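J.: Chain by chain, the residues:
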Amino acid sequence: MTDDHSASFDQHDEFAHLPSDPALRAKTLESLLVDKGLLKQETLDAVIERFETEVGPHNGARVVARAWTDPDYHRRLLDNATQAVDEMGLLGQQATDIVAVENSESVHNIVVCTLCSCYPWSLLGLPPAWYKSYPYRARVVREPRAVLSEFGVELNDSTEVRVWDSTAEVRYLVIPQRPAGTDALTEDKLAELVTRDSMIGAAKL
Amino acid sequence: MDGIHDMGGTHGFGPVPYTENDPPYHDDWEPRVFGMVIAATLPERMNLDYSRHSLERIPPDVYLSSSYFERWMYGAIMRQVEAGQLTMEELATGRSNQAPAPSNEAVPPEAIDPYRFAPFRQEIEAQPNFNVGDTVLTGNPQTSGHTRLPRYARNKHGVIHLHHGAHVLPDTNAHGGGDCPTHLYTVKFSAQELWGPDASPVDHMFVDVWECHLESTR
Numbered sequence: 001m002t003d004d005h006s007a008s009f010d011q012h013d014e015f016a017h018l019p020s021d022p023a024l025r026a027k028t029l030e031s032l033l034v035d036k037g038l039l040k041q042e043t044l045d046a047v048i049e050r051f052e053t054e055v056g057p058h059n060g061a062r063v064v065a066r067a068w069t070d071p072d073y074h075r076r077l078l079d080n081a082t083q084a085v086d087e088m089g090l091l092g093q094q095a096t097d098i099v100a101v102e103n104s105e106s107v108h109n110i111v112v113c114t115l116c117s118c119y120p121w122s123l124l125g126l127p128p129a130w131y132k133s134y135p136y137r138a139r140v141v142r143e144p145r146a147v148l149s150e151f152g153v154e155l156n157d158s159t160e161v162r163v164w165d166s167t168a169e170v171r172y173l174v175i176p177q178r179p180a181g182t183d184a185l186t187e188d189k190l191a192e193l194v195t196r197d198s199m200i201g202a203a204k205l
Numbered sequence: 001m002d003g004i005h006d007m008g009g010t011h012g013f014g015p016v017p018y019t020e021n022d023p024p025y026h027d028d029w030e031p032r033v034f035g036m037v038i039a040a041t042l043p044e045r046m047n048l049d050y051s052r053h054s055l056e057r058i059p060p061d062v063y064l065s066s067s068y069f070e071r072w073m074y075g076a077i078m079r080q081v082e083a084g085q086l087t088m089e090e091l092a093t094g095r096s097n098q099a100p101a102p103s104n105e106a107v108p109p110e111a112i113d114p115y116r117f118a119p120f121r122q123e124i125e126a127q128p129n130f131n132v133g134d135t136v137l138t139g140n141p142q143t144s145g146h147t148r149l150p151r152y153a154r155n156k157h158g159v160i161h162l163h164h165g166a167h168v169l170p171d172t173n174a175h176g177g178g179d180c181p182t183h184l185y186t187v188k189f190s191a192q193e194l195w196g197p198d199a200s201p202v203d204h205m206f207v208d209v210w211e212c213h214l215e216s217t218r
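Each protein sequence line maps, in turn, to chains A and B.
This note's numbering numbers the first residue of the first sequence as 1 and each following residue consecutively.
This note's numbering numbers the first residue of the second sequence as 1 and each following residue consecutively.
A hint or two may mislead.
[As the list claims (entries may be wrong)] Straight-line Cα separation of at most 27 angstroms, BS3-like style, residue types lysine-lysine; simulated pairs:
| # | chain 1 | residue 1 | chain 2 | residue 2 |
| --- | --- | --- | --- | --- |
| 1 | A | 204 | A | 132 |
| 2 | A | 204 | B | 188 |
| 3 | A | 204 | A | 189 |
| 4 | A | 27 | A | 189 |
| 5 | B | 188 | A | 132 |
| 6 | B | 188 | B | 156 |
| 7 | B | 156 | A | 132 |
[To be verified] Label-pair distances were calculated between CB atoms; the ranges are:
| # | chain 1 | residue 1 | chain 2 | residue 2 | range |
| --- | --- | --- | --- | --- | --- |
| 8 | B | 97 | A | 27 | 13 to 23 angstroms |
| 9 | B | 4 | A | 104 | 29 to 39 angstroms |
| 10 | B | 95 | A | 189 | 51 to 61 angstroms |
| 11 | B | 83 | A | 45 | 48 to 58 angstroms |
| 12 | A | 27 | B | 61 | 53 to 63 angstroms |
| 13 | A | 45 | B | 61 | 47 to 57 angstroms |
| 14 | B | 129 | A | 13 | 39 to 49 angstroms |
Hints are computed from structural coordinates only; laboratory data are not their basis.
All figures in this text were calculated on a predicted structure; none of them were measured in a lab.
The beta-carbon is built from N, C-alpha and C at its ideal position, and this holds for glycine as well.
Please work from the sequences and hints to get the whole structure.
T.: Dropping the structure here:
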């Protein structure tokens with residue numbers, strides 16, 4: 001370590017003088033950044049807009065639906081998901097190195113970030129509150145079956161649970177099992193069935 | 001650092017507040033904070049590892065009583081203050097101590113680059129020390145600085161499951177110590193190795209670990 005900064009915020013009272021209401025605190029920070037020439041309002045608006053429209057679980061759903069319908073793509077996705085996702089133009093912020101893991105009758109995968117809340121933004125959008133919650137971060141590595149059961153996912157004792165803790169810049173995408181009775185559906189229709197939570201491993205389809 | 005953020009395996013938190021189709025934001029100010037962190041001029045030393053470490057340095061009682069986007073806001077404040085771009089006094093009063101600055105130099109919308117912290121993966125000459133299938137023992141880093149090896153996976157036996165090439169090393173990069181690209185692996189641990197004999201005999205946990213935190217047990 002070459003540091004430096006760890007002393008700057010050792011005192012608990014550093015934050016005590018800030019406006020206590022988070023909405024007011026956010027407003028104060030925003031207007032100071034703008035006043036100081038560190039932030040353009042239109043850039044802020046563009047970022048929010050982009051994450052509300054372009055970025056979201058519909059992207060991951062397209063990858064899953066293609067893997068379900070195209071055996072070559074399925075193989076490429078399992079061999080090298082970074083390249084396979086790049087083929088579809090879907091690499092991006094918080095998703096530059098991807099590993100795809102596939103659920104089956106014998107294996108159930110579920111993804112977490114115990115240390116913060118790393119998540120494949122460009123494939124799934126921003127994470128839901130439960131994914132970022134302390135109980136999820138604390139418990140899913142120690143007792144994944146209990147957590148899955150609370151989510152309504154019941155597994156046989158013989159089904160292997162695999163928990164992926166995102167501790168580096170590798171992001172994990174769960175390929176859920178394709179629901180029965182969907183053989184006649186097109187790739188686009190299949191993509192509509194794929195939920196965000198199923199691509200985290202928190203739900204089955 | 002052995003901080004409050006390192007939550008894997010902690011008891012006592014109760015049920016997960018799971019709701020299907022939970023939206024990414026729950027209050028109007030949350031997208032503003034998210035956007036600010038992405039859109040504002042980055043402090044000179046900003047990188048993802050420094051950013052994560054700033055969140056880890058939030059005092060534990062404040063960390064636990066704050067929501068995700070409140071923590072983002074505290075982290076952003078810490079980084080701007082440490083960069084000398086903002087003072088706590090200005091935040092307390094809401095008034096800038098400087099004359100208004102032109103925003104010409106702030107990041108324009110078209111310059112928001114989704115890869116701006118990348119590349120995390122870099123080519124290095126050193127060959128990897130481990131092959132897929134090798135058995136390893138994880139380290140037990142004792143540092144007040146940043147590391148991404150969670151407590152529950154320290155000093156544990158595992159198997160190299162994937163090799164990802166060399167990635168920027170958070171332990172140095174968070175502290176201005178250089179990006180030191182180092183071979184990165186996904187290590188597979190049995191649930192019983194991590195959580196004892198009462199854990200499921202068939203389950204596994206996978207953690208991404210840099211080579212400097214791994215020893216061979218061949």
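J.: Quick one: are residue 4 of chain B and residue 104 of chain A within 29 to 39 angstroms, going by C-beta?
T.: Holds, since residue 4 of chain B and residue 104 of chain A (Cβ atoms, about 37 angstroms apart) stay within the stated range.
J.: Would you check the hint for residue 156 of chain B and residue 132 of chain A, treating anything up to 27 angstroms between C-alpha atoms as holding?
T.: 26 angstroms, holds
J.: Starting from residue 188 of chain B, check that the Cα of residue 156 of chain B is at most 27 angstroms away, please.
T.: With a Cα-Cα distance of about 10 angstroms, the restraint between residue 188 of chain B and residue 156 of chain B holds, given a limit of 27 angstroms.
J.: Using the C-beta atoms of residue 45 of chain A and residue 61 of chain B, is the stated range 47 to 57 angstroms upheld?
T.: The hinted range 47 to 57 angstroms is violated for residue 45 of chain A and residue 61 of chain B, with Cβ atoms some 34 angstroms apart.
J.: For the pair residue 83 of chain B and residue 45 of chain A, does the Cβ-Cβ distance stay inside 48 to 58 angstroms?
T.: 24 angstroms, violated
J.: Is the straight-line distance between the alpha-carbon of residue 27 of chain A and that of residue 189 of chain A 27 angstroms or less?
T.: Violated: residue 27 of chain A and residue 189 of chain A sit about 42 angstroms apart, past 27 angstroms.
J.: For the hint 53 to 63 angstroms, verify it against the beta carbon of residue 27 of chain A and that of residue 61 of chain B.
T.: For residue 27 of chain A and residue 61 of chain B the Cβ distance comes to about 25 angstroms; the hint is violated.
J.: Going straight from one Cα to the other, do residue 204 of chain A and residue 189 of chain A come out at no more than 27 angstroms?
T.: Holds, at about 17 angstroms.
J.: Is the hinted range of 51 to 61 angstroms satisfied by the C-beta distance from residue 95 of chain B to residue 189 of chain A?
T.: 56 angstroms, holds
J.: If you draw a straight line from the CA of residue 188 of chain B to the CA of residue 132 of chain A, is it 27 angstroms or shorter?
T.: Holds, at about 23 angstroms.
J.: Check whether the Cα positions of residue 204 of chain A and residue 188 of chain B lie no farther apart than 27 angstroms.
T.: 24 angstroms, holds
J.: Taking the CB of residue 129 of chain B and the CB of residue 13 of chain A, does the distance hold inside 39 to 49 angstroms?
T.: Taking Cβ atoms as reference, residue 129 of chain B and residue 13 of chain A lie about 46 angstroms apart, which means the hint holds.
Consistency with the previously given hints fails for numbers 4, 11, 12, 13, ordered from lowest to highest.
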